[in-house]
Amino acid sequence: MQWLGVVDEELAERLSRSCEETELGCDFDTAVRNLRQDYEIDEISGDEARVRLVVGDLVAPSPAIMLLPYDLVPFGSQFHAIVLLGFRPDSSTGREQAVFMDPVTGTEEVCSSNLFMIRWNLAGELALVVCA
Amino acid sequence: MSAASQTQIDELHKWLAREDTQERLRACIDRAVSKLNHAIDDEAAFRVPVGEANRPILPREWLSAHRGRLGELIETEWRSEFPEIARRAAEGIVASAASMAWAPVEPELTAIALRAWASGWALRNLGDAVIVGEPQLANGAWRVPVSLRRRPEAAAELALDSEFRVVSDRSLVRQQLLGPARD
Chain A
1 MQWLGVVDEE LAERLSRSCE ETELGCDFDT AVRNLRQDYE IDEISGDEAR VRLVVGDLVA
61 PSPAIMLLPY DLVPFGSQFH AIVLLGFRPD SSTGREQAVF MDPVTGTEEV CSSNLFMIRW
121 NLAGELALVV CA
Chain B
1001 MSAASQTQID ELHKWLARED TQERLRACID RAVSKLNHAI DDEAAFRVPV GEANRPILPR
1061 EWLSAHRGRL GELIETEWRS EFPEIARRAA EGIVASAASM AWAPVEPELT AIALRAWASG
1121 WALRNLGDAV IVGEPQLANG AWRVPVSLRR RPEAAAELAL DSEFRVVSDR SLVRQQLLGP
1181 ARD
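Those protein sequences? They're chains A and B, same order as listed. Note that our numbering numbers the first sequence so that position 62 is 62, with each residue one more than the last. Note that our numbering numbers the second sequence so that position 111 is 1111, with each residue one more than the last.
FYI, nobody ran anything at the bench for these hints, they're computed from the structure. No experiment lies behind these values; they were computed from the predicted model shown. Among these hints, one or two may not hold up.
Said to hold, decoys possible - Okay, the calculated beta carbon distance ranges per label pair: (1) A:Glu9 x B:Gln1175: 30 to 38 Å; (2) B:Thr1076 x A:Pro61: 37 to 45 Å; (3) A:Ala12 x B:Lys1035: 35 to 43 Å.
Stated by the list, open to error - One side only, chain A facing chain B, incomplete, derived with CB under 7 Å: (4) Glu20; (5) Gln78; (6) Leu122.
Virtual Cβ for every residue (Gly too), placed ideally from N, Cα, C.
Using the sequences and the hints given, assemble the complete structure.
Structure (structure tokens):
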């Protein structure tokens, strides 16, 4: 959310407290419930079609915060949140790619949309959008 | 089926039951699933059905749906992993072995689905710093180990019922994982 410009560092710390972050990290349900006190949150878990509609909206596209396993291999068991920015064709192959901001690298990353969705699937398909 | 081929089949059963064979078969399955997942143009790539509405389709329909697609890949991997057996044995025996190799695939595939579901539960109820381990089947019941990324010695288990729902108490699991840190 900091990367999206929705919150600054100070607010991020307050949100971390309000989302009851512990050594376990933040659990999705608590985070969504508490974020809804201050923001309009649209949960779009388990619905790839809606994710695509939201991030690909021609008028007002919204990035989606999604939970993925770290690894590209199918059975990665550690998770982190990323921000899905959209989909675009690879310039050389024409195959569709997912474009996302990864807080682990702090940069924009791309991978095949199929692999991206498989990773999302293996993490239970949890996603939310902070509505503007 | 001739007596000789029955003997071969019996020997094949014994060989398949060996621990080292099972381990190599699991590696074949992993590679086959990975290849399926990396088939970028395959729109029907490996996906675990997510959501309450989809839960009842496991294991039969989901496994059947994957048998055709994965079966061919697994057979290719099987022939590559055990080329001497594939070369020496009659074609019928190889087909039997490939077919029998499916038996350990079913629990492996089920475990993949359960791990995805358990991951969803863990992320909703525990936190995004948990590690979800490989589901274990013991005494007819599935359990999924969970631990902490920063402190792997903190461990707990998620219990699943016969319909693959996580039935563990959220508070208790959280307490089991966080407890040692609070001592």
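| query | That 35 to 43 Å hint for Ala12 (chain A) and Lys1035 (chain B) (C-beta), does it hold up? | reply | Holds: the Cβ-Cβ distance is about 41 Å, inside 35 to 43 Å.
| query | Taking 7 Å as the limit, does the beta-carbon of Leu122 (chain A) come near enough to a beta-carbon in chain B? | reply | holds (5 Å)
| task | Classify the hint on Glu20 (chain A) as holds or violated, based on whether any CB of chain B lies nearer than 7 Å to its CB. | result | violated (9 Å)
| query | Does the Cβ-Cβ separation between Thr1076 (chain B) and Pro61 (chain A) fall within 37 to 45 Å? | reply | Check passed, 41 Å falls within 37 to 45 Å.
| request: Hold the hint about Gln78 (chain A) up to the distance rule: shortest CB distance to chain B must be less than 7 Å. | output: With a closest approach of 5 Å, the Gln78 (chain A) hint holds.
| message | Just to be sure I understand the hint, the distance between the Cβ atoms of Glu9 (chain A) and Gln1175 (chain B) should be within 30 to 38 Å; is that true here? | response | holds (31 Å)
Hint check: a violation occurs at hint 4 only; the rest are consistent with the structure.
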